[in-house]
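Peer 1: So the chains spell out like this:
Protein chains: 2
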Amino acid sequence: MKEKIAIIGGGLSGSLLAICLAKRGAQVELFERRGDIRKGQADAGRSINLALSTRGIEALKRVGLAEQVLNDAIPMNGRMMHSVDGQLTYQAYGKEGQYINSVSRSLLNIKLLELADEFDNVKILFKQKCVDVDLNKNTAVLEDEHGVQTSITADIIFGSDGAFSAVRSEMQKTNRFTYSQTYENYGYKELEIVPGPDNSFQAEEHALHIWPRGEFMMIALPNPGGNFTCTLFLPYEGERSFDKLQTPQEIEAFFKQYFADAIPMMPNYVEDFMSNPTGSLATIRCNPWVYKKFALIGDAAHAVIPFYGQGMNCSFEDVKELDEIIEEHYPNWDNIFKKYQEARIKNANAIADLACKNFVEMRDLVGRPEFMRFKKIDNDLCAHYPEMYKSQYELVSFSKTSYKYAQDMGYKNEALIAHIMEHNLDTDIQNAAVIKPLIERFILN
Amino acid sequence: MKEKIAIIGGGLSGSLLAICLAKRGAQVELFERRGDIRKGQADAGRSINLALSTRGIEALKRVGLAEQVLNDAIPMNGRMMHSVDGQLTYQAYGKEGQYINSVSRSLLNIKLLELADEFDNVKILFKQKCVDVDLNKNTAVLEDEHGVQTSITADIIFGSDGAFSAVRSEMQKTNRFTYSQTYENYGYKELEIVPGPDNSFQAEEHALHIWPRGEFMMIALPNPGGNFTCTLFLPYEGERSFDKLQTPQEIEAFFKQYFADAIPMMPNYVEDFMSNPTGSLATIRCNPWVYKKFALIGDAAHAVIPFYGQGMNCSFEDVKELDEIIEEHYPNWDNIFKKYQEARIKNANAIADLACKNFVEMRDLVGRPEFMRFKKIDNDLCAHYPEMYKSQYELVSFSKTSYKYAQDMGYKNEALIAHIMEHNLDTDIQNAAVIKPLIERFILN
Numbered sequence: 000m001k002e003k004i005a006i007i008g009g010g011l012s013g014s015l016l017a018i019c020l021a022k023r024g025a026q027v028e029l030f031e032r033r034g035d036i037r038k039g040q041a042d043a044g045r046s047i048n049l050a051l052s053t054r055g056i057e058a059l060k061r062v063g064l065a066e067q068v069l070n071d072a073i074p075m076n077g078r079m080m081h082s083v084d085g086q087l088t089y090q091a092y093g094k095e096g097q098y099i100n101s102v103s104r105s106l107l108n109i110k111l112l113e114l115a116d117e118f119d120n121v122k123i124l125f126k127q128k129c130v131d132v133d134l135n136k137n138t139a140v141l142e143d144e145h146g147v148q149t150s151i152t153a154d155i156i157f158g159s160d161g162a163f164s165a166v167r168s169e170m171q172k173t174n175r176f177t178y179s180q181t182y183e184n185y186g187y188k189e190l191e192i193v194p195g196p197d198n199s200f201q202a203e204e205h206a207l208h209i210w211p212r213g214e215f216m217m218i219a220l221p222n223p224g225g226n227f228t229c230t231l232f233l234p235y236e237g238e239r240s241f242d243k244l245q246t247p248q249e250i251e252a253f254f255k256q257y258f259a260d261a262i263p264m265m266p267n268y269v270e271d272f273m274s275n276p277t278g279s280l281a282t283i284r285c286n287p288w289v290y291k292k293f294a295l296i297g298d299a300a301h302a303v304i305p306f307y308g309q310g311m312n313c314s315f316e317d318v319k320e321l322d323e324i325i326e327e328h329y330p331n332w333d334n335i336f337k338k339y340q341e342a343r344i345k346n347a348n349a350i351a352d353l354a355c356k357n358f359v360e361m362r363d364l365v366g367r368p369e370f371m372r373f374k375k376i377d378n379d380l381c382a383h384y385p386e387m388y389k390s391q392y393e394l395v396s397f398s399k400t401s402y403k404y405a406q407d408m409g410y411k412n413e414a415l416i417a418h419i420m421e422h423n424l425d426t427d428i429q430n431a432a433v434i435k436p437l438i439e440r441f442i443l444n
Numbered sequence: 000m001k002e003k004i005a006i007i008g009g010g011l012s013g014s015l016l017a018i019c020l021a022k023r024g025a026q027v028e029l030f031e032r033r034g035d036i037r038k039g040q041a042d043a044g045r046s047i048n049l050a051l052s053t054r055g056i057e058a059l060k061r062v063g064l065a066e067q068v069l070n071d072a073i074p075m076n077g078r079m080m081h082s083v084d085g086q087l088t089y090q091a092y093g094k095e096g097q098y099i100n101s102v103s104r105s106l107l108n109i110k111l112l113e114l115a116d117e118f119d120n121v122k123i124l125f126k127q128k129c130v131d132v133d134l135n136k137n138t139a140v141l142e143d144e145h146g147v148q149t150s151i152t153a154d155i156i157f158g159s160d161g162a163f164s165a166v167r168s169e170m171q172k173t174n175r176f177t178y179s180q181t182y183e184n185y186g187y188k189e190l191e192i193v194p195g196p197d198n199s200f201q202a203e204e205h206a207l208h209i210w211p212r213g214e215f216m217m218i219a220l221p222n223p224g225g226n227f228t229c230t231l232f233l234p235y236e237g238e239r240s241f242d243k244l245q246t247p248q249e250i251e252a253f254f255k256q257y258f259a260d261a262i263p264m265m266p267n268y269v270e271d272f273m274s275n276p277t278g279s280l281a282t283i284r285c286n287p288w289v290y291k292k293f294a295l296i297g298d299a300a301h302a303v304i305p306f307y308g309q310g311m312n313c314s315f316e317d318v319k320e321l322d323e324i325i326e327e328h329y330p331n332w333d334n335i336f337k338k339y340q341e342a343r344i345k346n347a348n349a350i351a352d353l354a355c356k357n358f359v360e361m362r363d364l365v366g367r368p369e370f371m372r373f374k375k376i377d378n379d380l381c382a383h384y385p386e387m388y389k390s391q392y393e394l395v396s397f398s399k400t401s402y403k404y405a406q407d408m409g410y411k412n413e414a415l416i417a418h419i420m421e422h423n424l425d426t427d428i429q430n431a432a433v434i435k436p437l438i439e440r441f442i443l444n
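Order-wise, the sequence lines are chains A and B.
Residues in the first sequence are numbered from 0 upward in steps of one, following numbering that gives the first Met the number 0.
Residues in the second sequence are numbered from 0 upward in steps of one, following numbering that gives the first Met the number 0.
Heads up, some of the hints might be wrong.
[Said to hold, decoys possible] Derived EDC-like pairs (lysine to aspartate or glutamate); straight-line CA-CA distance at most 20 Å:
{"#": "1", "chain 1": "A", "residue 1": "172", "chain 2": "B", "residue 2": "183"}
{"#": "2", "chain 1": "B", "residue 1": "291", "chain 2": "A", "residue 2": "236"}
{"#": "3", "chain 1": "B", "residue 1": "243", "chain 2": "B", "residue 2": "169"}
{"#": "4", "chain 1": "A", "residue 1": "337", "chain 2": "A", "residue 2": "322"}
{"#": "5", "chain 1": "B", "residue 1": "172", "chain 2": "A", "residue 2": "131"}
{"#": "6", "chain 1": "A", "residue 1": "338", "chain 2": "B", "residue 2": "189"}
{"#": "7", "chain 1": "B", "residue 1": "337", "chain 2": "A", "residue 2": "169"}
{"#": "8", "chain 1": "A", "residue 1": "291", "chain 2": "B", "residue 2": "144"}
{"#": "9", "chain 1": "B", "residue 1": "128", "chain 2": "B", "residue 2": "144"}
{"#": "10", "chain 1": "A", "residue 1": "172", "chain 2": "B", "residue 2": "189"}
{"#": "11", "chain 1": "B", "residue 1": "172", "chain 2": "A", "residue 2": "322"}
{"#": "12", "chain 1": "B", "residue 1": "337", "chain 2": "A", "residue 2": "131"}
{"#": "13", "chain 1": "A", "residue 1": "337", "chain 2": "B", "residue 2": "249"}
{"#": "14", "chain 1": "A", "residue 1": "291", "chain 2": "B", "residue 2": "236"}
{"#": "15", "chain 1": "A", "residue 1": "337", "chain 2": "B", "residue 2": "242"}
{"#": "16", "chain 1": "A", "residue 1": "345", "chain 2": "B", "residue 2": "183"}
{"#": "17", "chain 1": "B", "residue 1": "172", "chain 2": "B", "residue 2": "183"}
{"#": "18", "chain 1": "B", "residue 1": "172", "chain 2": "A", "residue 2": "113"}
{"#": "19", "chain 1": "B", "residue 1": "338", "chain 2": "A", "residue 2": "236"}
{"#": "20", "chain 1": "B", "residue 1": "345", "chain 2": "A", "residue 2": "183"}
{"#": "21", "chain 1": "A", "residue 1": "22", "chain 2": "A", "residue 2": "113"}
{"#": "22", "chain 1": "B", "residue 1": "291", "chain 2": "A", "residue 2": "242"}
{"#": "23", "chain 1": "B", "residue 1": "403", "chain 2": "B", "residue 2": "352"}
{"#": "24", "chain 1": "A", "residue 1": "172", "chain 2": "B", "residue 2": "352"}
[To be verified] Label pairs and their computed distance ranges (CB to CB):
{"#": "25", "chain 1": "A", "residue 1": "135", "chain 2": "B", "residue 2": "243", "range": "40 to 50 Å"}
{"#": "26", "chain 1": "A", "residue 1": "249", "chain 2": "B", "residue 2": "331", "range": "24 to 34 Å"}
{"#": "27", "chain 1": "B", "residue 1": "113", "chain 2": "A", "residue 2": "135", "range": "40 to 50 Å"}
{"#": "28", "chain 1": "A", "residue 1": "329", "chain 2": "B", "residue 2": "404", "range": "54 to 64 Å"}
{"#": "29", "chain 1": "A", "residue 1": "133", "chain 2": "B", "residue 2": "113", "range": "35 to 45 Å"}
{"#": "30", "chain 1": "A", "residue 1": "387", "chain 2": "B", "residue 2": "172", "range": "49 to 59 Å"}
{"#": "31", "chain 1": "A", "residue 1": "94", "chain 2": "B", "residue 2": "279", "range": "43 to 53 Å"}
{"#": "32", "chain 1": "B", "residue 1": "89", "chain 2": "A", "residue 2": "368", "range": "50 to 60 Å"}
{"#": "33", "chain 1": "A", "residue 1": "404", "chain 2": "B", "residue 2": "421", "range": "28 to 38 Å"}
{"#": "34", "chain 1": "A", "residue 1": "235", "chain 2": "B", "residue 2": "23", "range": "30 to 40 Å"}
{"#": "35", "chain 1": "A", "residue 1": "404", "chain 2": "B", "residue 2": "248", "range": "42 to 52 Å"}
{"#": "36", "chain 1": "A", "residue 1": "133", "chain 2": "B", "residue 2": "152", "range": "42 to 52 Å"}
{"#": "37", "chain 1": "B", "residue 1": "152", "chain 2": "A", "residue 2": "259", "range": "47 to 57 Å"}
[Unchecked claim] If you only want the chain B side, here are some residues facing chain A, beta carbon under 8 Å, derived:
{"#": "38", "residue": "173"}
{"#": "39", "residue": "174"}
{"#": "40", "residue": "175"}
What the hints contain is simulated information worked out from the structure, not anything from laboratory work.
Cβ coordinates follow ideal geometry from the N, Cα and C atoms, glycine included.
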């Protein structure tokens, strides 16, 4: 591949894409708005850790980074729910050996940039903010920290510049560009559970912790340093909301009422709450993803809310599938772009839907007996009929089948489990004579 | 009212709003991008006639224009379907005396501008294109035909600048602005059925004509000059699509196959098809509609596709309800804006949904026997139980109840009619002992 390819945005998907294209011999220029994260110049306000699962791992394998990344990750085997009175309930994510991985966003980005930098045919430029693109002339205008603008041109230009993509902004002005940005009425605030003595974990290390409270929730993911990054998701307005938590007294009273068991592990929560920014939650969808020599990838094409832990995994899968399509169709870029968006848009829409659905599941349903019953049946079916039945969570997080397929199968699974619950067959799950015909009827039809 | 109020956009909703605010004493400045339509300076490419129904009429009554507008309108009492072999089928829109009105967009706009111009406290400026607004400073930048820019300021600024609103573009950049633009895979092309001898109508005058062809359709609305404005709705791509109609031969063959009965009335269809632009169809939704001293109204807030004939009616209802809210809450503009969007957003979303649903109904279902059966039952229920049962079409087009209510009732109606069809009660509709309990069960619960 001899093309000159510009990549706007050196975050996770942009830097992974740079590596894939560099391996094919392209002349890659990677432009990143922020400073060099390897020099500690990343800015604040981004989520600190992320859940890496099968799709993301598969993409990292493609560039030989999976093992190295997993070495620094913390496996999370299931959800640990904390009730208001501090009782713990555990739900496994899948079967033995199926777990998701808490990884540091910045460490992962550093590893990707380091690898990209090893290629002579990759040039990485930091503090270069894309302020304009000309979709008809294959150009982009980058502005440095002093306001100096440079116009660059390339044969192919990728917009991996995140949820507020400048490349997508220009595409939005073209005719028949379908676009939506949807904000939740919820904001989020990052807080911390600090390490115990000798950097020990003060709560179960190998779990994603959830404090489900119906209309709101807090979650916590473990970090290698023994601390947990907590995120409080709360409505902006209403009876229990960010609006009502303005003073230290209000914050303290709220936490004492709802997260009492976490307070001893969170010595700085009041100060953190007051000083940390409140983030917003958006789903962004668009169609098409490509225009002439431009293509969107990662969050620029599909920002999803974080409740299925799939934002990064979906972006990495974009890169992996694009690379596979290039393998097959190079040098026909028109065809590559066409196949790329055909392959990805429906799947990005599916995971966006699933993430919205999972928000309700996490903040509300996980704490309810009927849902626990549902999950128990779901897990039992997975365990006893592994060839015939896969849970939606398993399909999303531990398989390479498409998100769209996982979404479609989820509906079938729900119908089957509803039938089992209605006929009180919970204890008959191991009875293949009863259950196999039901799986055949509901799932394999 | 002493405020200085700027209205960006002098189309139907902007000019009606100017009149309402002028009557309250505001100092109104109305800025219109195009030239003065009263001097024949409107530009092409906009739909020529529109269907005015109850909501629109109610809004026009508020400023004393309803009678005058209806004098120039052509009542359409129902749909006339044309099958492929030229057979005609008629479906009434409602009961005796319930009809929609074909009105000329430009004539209506002229009447509104003329009335607005009668007020000393209204200033109308043409060829003033809004190129920027500052949401925090209450200013807008207008550019004239020579590229000269003027910055204006006002106490309150309305964006009635249509589907591609410049005001909304700025609001889209504010935090937590939910926004979507969705394009259909269909385009449209305007054509004409010419008048017969002595400006007579060559087809039934008092009907909206439809040539339903499943995946595409043509419609025609009568004009006072004896002609009909036809609109062909067709996919952009695919087997039968604009893509496949490039040459006069292809267009002719297509019309001969699908619209043979219309050809004798459309002497210029091939030339018109070749020279007229292909329009696109978008649904635009956003939330909020207000920001500080700015508010969106009409298509700027909610572009809908034209298949329920409610775009203009919805926009006029925006103005009417806003005016009622001003009546009650003036001079508390914060409250006025809050109540305004609370009242309107859910209804605009409902009619956007209904318009999408009606597209399928018009192009496909109206030609099918089971749908005709459905409509017959629907009409019979309306006729025999007028106090208990209202069709969705009646609620949307001939009532002042909210669009949201019409949408919700539509689901109930469908359940009732499905029950009647399932139990073959079609001929028992007049039997109150059978039907009244069903209406109570399905509709009035």
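Peer 1: Compare the structure with each hint and give your call.
Peer 2: Against the structure, the hints:
1. A/172 / B/183: At roughly 16 Å apart (the allowed maximum being 20 Å), residue 183 of chain B and residue 172 of chain A satisfy the hint.
2. B/291 / A/236: OK: residue 291 of chain B and residue 236 of chain A at ~18 Å, within 20 Å.
3. B/243 / B/169: Cα-Cα ~39 Å, so violated.
4. A/337 / A/322: Measuring from Cα to Cα gives roughly 13 Å; hence the hint holds.
5. B/172 / A/131: holds, 16 Å
6. A/338 / B/189: The hint is violated at about 34 Å.
7. B/337 / A/169: The given pair, whose Cα atoms are some 32 Å apart, is violated under the 20 Å limit.
8. A/291 / B/144: At roughly 32 Å apart (the allowed maximum being 20 Å), residue 144 of chain B and residue 291 of chain A break the hint.
9. B/128 / B/144: holds, 8 Å
10. A/172 / B/189: violated, 24 Å
11. B/172 / A/322: violated, 33 Å
12. B/337 / A/131: Violated - the C-alpha atoms of residue 131 of chain A and residue 337 of chain B are around 35 Å apart, more than 20 Å.
13. A/337 / B/249: Given pair residue 337 of chain A, residue 249 of chain B is violated - Cα atoms ~27 Å apart, limit 20 Å.
14. A/291 / B/236: holds, 18 Å
15. A/337 / B/242: Since the Cα atoms of residue 337 of chain A and residue 242 of chain B sit roughly 18 Å apart, the hinted pair holds (cutoff 20 Å).
16. A/345 / B/183: Given that 20 Å is the threshold and the Cα spacing comes to 17 Å, the pair holds.
17. B/172 / B/183: violated, 25 Å
18. B/172 / A/113: violated, 34 Å
19. B/338 / A/236: holds, 17 Å
20. B/345 / A/183: holds, 17 Å
21. A/22 / A/113: holds, 14 Å
22. B/291 / A/242: holds, 19 Å
23. B/403 / B/352: Given pair residue 403 of chain B, residue 352 of chain B holds - Cα atoms ~10 Å apart, limit 20 Å.
24. A/172 / B/352: Between residue 172 of chain A and residue 352 of chain B the Cα gap is close to 24 Å, so the pair fails against 20 Å, i.e. violated.
25. A/135 / B/243: 40 to 50 Å: violated, 27 Å
26. A/249 / B/331: 24 to 34 Å: Roughly 28 Å apart at Cβ, these two residues keep to the hinted range, so it holds.
27. B/113 / A/135: 40 to 50 Å: Check passed, 43 Å falls within 40 to 50 Å.
28. A/329 / B/404: 54 to 64 Å: holds, 56 Å
29. A/133 / B/113: 35 to 45 Å: For residue 113 of chain B against residue 133 of chain A, whose Cβ atoms are near 44 Å apart, the range 35 to 45 Å holds.
30. A/387 / B/172: 49 to 59 Å: holds, 50 Å
31. A/94 / B/279: 43 to 53 Å: 49 Å Cβ-Cβ, so the 43 to 53 Å window holds.
32. B/89 / A/368: 50 to 60 Å: holds, 57 Å
33. A/404 / B/421: 28 to 38 Å: Holds: the Cβ-Cβ distance is about 34 Å, inside 28 to 38 Å.
34. A/235 / B/23: 30 to 40 Å: holds, 34 Å
35. A/404 / B/248: 42 to 52 Å: holds, 44 Å
36. A/133 / B/152: 42 to 52 Å: 34 Å Cβ-Cβ, so the 42 to 52 Å window is violated.
37. B/152 / A/259: 47 to 57 Å: holds, 53 Å
38. 173: Violated. Min distance 11 Å.
39. 174: holds, 6 Å
40. 175: Constraint on residue 175 of chain B satisfied, holds at 4 Å.
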